[in-house]
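Asker: Let the hints inform the model, and build the full structure from the sequences given.
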Amino acid sequence: MTPRVAIAGTGLHPFGRFDGTTVTDMGVAAVRRALAEADNPTFQAAFCATVYSGVAAGHKVLGALGLTGVPIVDIEAGCASGGAALMLGASAIRAGQYETVLVFGIEKMPRGIIRSSFFEPWREQAGLAATPAYFALRAQRLMRESGITKEQLARVVVKNRANGVENPNAMFRKPTTVDDVLASRLVCEPLHLFMLCSPNEGAAAIVLRRADLAGPTAPTLAAAVLRSHLPGSVLGEATPMSGIPDEDITPPSTLAATDAYEEAGVGPSDLDLVECQDTDAAREVLAYEELGLCARGESARLVDDGTTALGGALPVNMSGGLLSKGEPLGASAVAQVVELADQLRDRAGPRQVQGARTGLAHTVGRGANAAVVIVTR
Amino acid sequence: MSTGAEAGAGRRPVHDGLFGENGPGDAYLLGGRCEACGRVQFPMAATCPACGADTIIEVRLSDHGTLWGWTAITAPPPGSLGDVPFGFGVVELPEGLRVITRLEEADPARLSFGMPMTLVLTELGPDPDPDGDGEIVTSYSFTPTQAPGGVAS
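Keeping their order, the protein sequence lines are chains A and B. Residue 125 is where the first sequence starts when you use the numbering used here, and the numbers rise one by one after that. Residue 72 is where the second sequence starts when you use the numbering used here, and the numbers rise one by one after that.
It is possible that part of the hints are untrue.
Said to hold, decoys possible - Here chain A is said to cover these stretches of chain B; the calculated rule only asks that three of the stretch's residues, wherever they fall, bring their Cβ under 8 Å from a Cβ of chain A:
| # | stretch |
| --- | --- |
| 1 | 110-116 |
| 2 | 148-161 |
Unchecked claim - Pair ranges (Cβ atoms, derived):
| # | chain 1 | residue 1 | chain 2 | residue 2 | range |
| --- | --- | --- | --- | --- | --- |
| 3 | A | G473 | B | P201 | 53 to 59 Å |
| 4 | A | R420 | B | A121 | 22 to 28 Å |
| 5 | A | V197 | B | T126 | 35 to 41 Å |
| 6 | A | E422 | B | A116 | 34 to 40 Å |
| 7 | A | R420 | B | S183 | 42 to 48 Å |
To be verified - Here are some chain A residues pointing at chain B (derived, C-beta under 8 Å):
| # | residue |
| --- | --- |
| 8 | A253 |
| 9 | C312 |
| 10 | E313 |
| 11 | P355 |
| 12 | S366 |
| 13 | G416 |
Calculated from the structure, these hints are not laboratory results. No experiment lies behind these values; they were computed from the predicted model shown. Glycine is no exception: its CB is placed at the ideal position from the N, C-alpha and C atoms.
Answerer: So this is what it looks like as structure tokens:
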């Protein structure tokens, strides 16, 4: 019988800007916390998610702790890097290759608009390497196709920032208002500055163990799926230069969610909370549709009726989301799962979702890559 | 800044093989058509992103289309030449292709869904290459189509 995979320990280094702290330092802090919480087990492999940390970044972290010798694999899958690392770690345990695996994500992002080697030099010179502009085009299409308004986008920001007030590991911990969001600088119509997450720094770590080794209260990693985009969609996260006019190309987030629901044996109606990719406010609302939390075109209702706020039927981004935490790419997806593990163990304090038993974490970005992780207890 | 009327020395395309000019003010995009599956692509590449075949023939794409989405870029993107703000969007060509492009109109309020658009070449700015000779770098862009008589449609 395929072994169940459990989350035996979690650890975070806060997300923010930490001048003078190296990406290795942050990784060491998160890994030490996760291993300590799991009673410092021996692990047989380590997967390190990171995009901007350079050569052998995971080895530096474990080298600082005297924990090398095991296979250490650095993994880059854009914003979904952490989901990719969790998928590989969980798969190895299920296959019987390892009993205990360390998964961690680390990042120290450059400041400003993310410069990515994804774009060839000529596209940069032509002004086409403008990441927020692609987000804006996507937001505009969502507004057109699902009837979302700018005010509703602002309300998503208000919701997530309110949640972030209660998260000591978040970068932005002040609440905001619809008026403040709409008064913030217009970056790319319809997206204002407060509607966009901030690339930043941080680390997160998780110890995965075969469930019989992890203790009875350890949450179950019920699914961890990574998918890439199908050919053809011009505004798929792959941001090609051109695509075919077909609105029915299934997006990578839906591909990953469909596989994850099947792997976990649950459906959207079983979820108690969701952490999703709110790179921008519209990206969160689009995720409602892509993850099957509502029918296509009906996401505005979830914003209006409070479904996705604390106390609603399906709270989304109780951690504050990327809009509060910022986005250290490699650490982001791992930290989402740390939040789910806290919630499922009733350790989330003022942002606790009462009685949470099933949570979903979603990341999507460059590649295109999309990851969906489902945690249960 | 459309520059179709002043083609000549001192300009270079931002990248070879993206576009060309039949004459001043008469630009075209260069795409590829897959002989195996018929899919059209832009820019032209050695292989087909739909079926993987390597039998791609060069085709000149339509110099007009309709506007599918747009915004304006207000802060210089990494590595970009020239000034902000500038328009940015997606134009749908009659070939069944959506092309990501600069737009000559930088005020989003002056654009609308389905608006007819025409290809133009635009000057980005001087070549930043320190070993270059200061040529003006050009790229493709789209602008709202002028109706006969010069009034924007």
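Asker: Next step is simple, just say for each hint if it's right about the structure.
Answerer: To see whether the hints hold, each was checked on the structure:
Beta-carbon proximity to chain A at under 8 Å applies to 4 residues in the stretch 110-116 of chain B; the threshold of 3 is reached and the given coverage holds. Here's how the stretch 148-161 of chain B fares: 10 of its residues keep a CB closer than 8 Å to some CB of chain A, so the rule of at least three is met and the hint holds. Checked against the given bound of 53 to 59 Å, the beta carbons of G473(A) and P201(B), roughly 56 Å apart, stay inside it. A hinted range of 22 to 28 Å for the beta carbons of R420(A) and A121(B) is consistent with their spacing of about 24 Å.
Roughly 38 Å separates the CB atoms of V197(A) and T126(B), a value that falls within the hinted 35 to 41 Å. Against the hinted window of 34 to 40 Å, the Cβ-Cβ separation of E422(A) and A116(B) comes to about 38 Å, which satisfies the hint. Under the hint 42 to 48 Å, the C-beta atoms of R420(A) and S183(B), about 24 Å apart, miss the expected range. Contact between A253(A) and chain B, as hinted, is supported at the beta carbon level, the nearest pair being about 5 Å apart and thus within 8 Å.
Hint status for C312(A): holds, given a least beta-carbon distance of 4 Å to chain B, under 8 Å. With a cut of 8 Å, the hint placing E313(A) at the interface with chain B holds, because the nearest CB-to-CB distance is about 4 Å. Because the closest C-beta pair between P355(A) and chain B is about 5 Å apart, less than 8 Å, the hint holds. Interface hint status for S366(A): upheld, as the beta-carbon distance to the closest one in chain B is roughly 4 Å, under 8 Å.
Interface hint at G416(A): violated, since its Cβ lies 25 Å from the closest Cβ of chain B, which is beyond the 8 Å cut-off.
Comparing the model with each numbered hint stated earlier shows that hints 7, 13 do not hold.
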